[in-house]
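Chains as they are written, first to last, in the working numbering: chain H, 1 to 113; chain P, 1 to 112.
Calculated directly from the structure, the hints in this document are not laboratory data. All C-beta atoms in this analysis are idealised placements derived from N, C-alpha and C, irrespective of residue type, glycine included. Mixed in with the good hints there might be a few duds.
[Stated by the list, open to error] One-sided and incomplete, this derived list gives chain H residues near chain P with beta-carbon spacing under 7 Å: (1) Q41; (2) G56; (3) P106; (4) G107.
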Amino acid sequence: ETGVTQSPTHLIKTRGQQVTLRCSSQSGHNTVSWYQQALGQGPQFIFQYYREEENGRGNFPPRFSGLQFPNYSSELNVNALELDDSALYLCASSLTGQGFEQYFGPGTRLTVT
Amino acid sequence: SQQGEEDPQALSIQEGENATMNCSYKTSINNLQWYRQNSGRGLVHLILIRSNEREKHSGRLRVTLDTSKKSSSLLITASRAADTASYFCATVRIQGAQKLVFGQGTRLTINP
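Turn these sequences into a full structure, and let the hints steer you where they fit.
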């Protein structure tokens, strides 16, 4: 297992609500990336944080936002939840300059009803 | 959008047989990586092959990369029931944000 942890494991929210997902990076890793994985699909890149700043973003609307803290942990916030936001949200940490090998957490399963 | 496609989408073989999965991608890459995912859990990194490498081995895994055809293959030899999982290839592009671009995966089932 990697040293990346995510909380909570599962979450059920109602359409229109807001959600915050949390991730703790593997020790020594300075970069955190978030991915959304719909059922039966490959993960899709949401955004990446390096030294507390957004360092790249995929094709996701602004209601998906994030933070990285000085200890390199991170949060993913999603506002105005939609049914299509139901997915597995994966956090991955890495060390910049190491070929971008990613260490993934177990994920948070979000269900929007 | 997904970068590439994996083939086949699903593969079922007997324990002890070899499993081969293929991946194609669209743009120039810095490296290509293979990941395994068990039952909707987190992904586990298996192997990374750089764009200037053609073949790489790790235990029972063998990965090839053909940049002229923009394709890669993952071979698992002497398969075990524990190898049952989904396998994804992911690319890191030369330019742009340092991110993994995943294919849709191959669902591998090893029958005892």
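Hints and how they fare:
The interface hint given for Q41(H) is met, as the beta carbon of that residue sits about 6 Å from the closest beta carbon of chain P, less than 7 Å. Interface restraint check for G56(H): the shortest CB-CB distance to chain P comes to about 3 Å, inside 7 Å, so the restraint holds. Below 7 Å, beta-carbon pairs count as interface contacts, and P106(H) has one with chain P at about 4 Å; its hint therefore holds. A hinted interface residue such as G107(H) counts as satisfied when its beta carbon comes closer than 7 Å to some beta carbon of chain P; here the least separation is about 5 Å, so the hint holds.
Every hint from the earlier list agrees with this structure, and none is contradicted.
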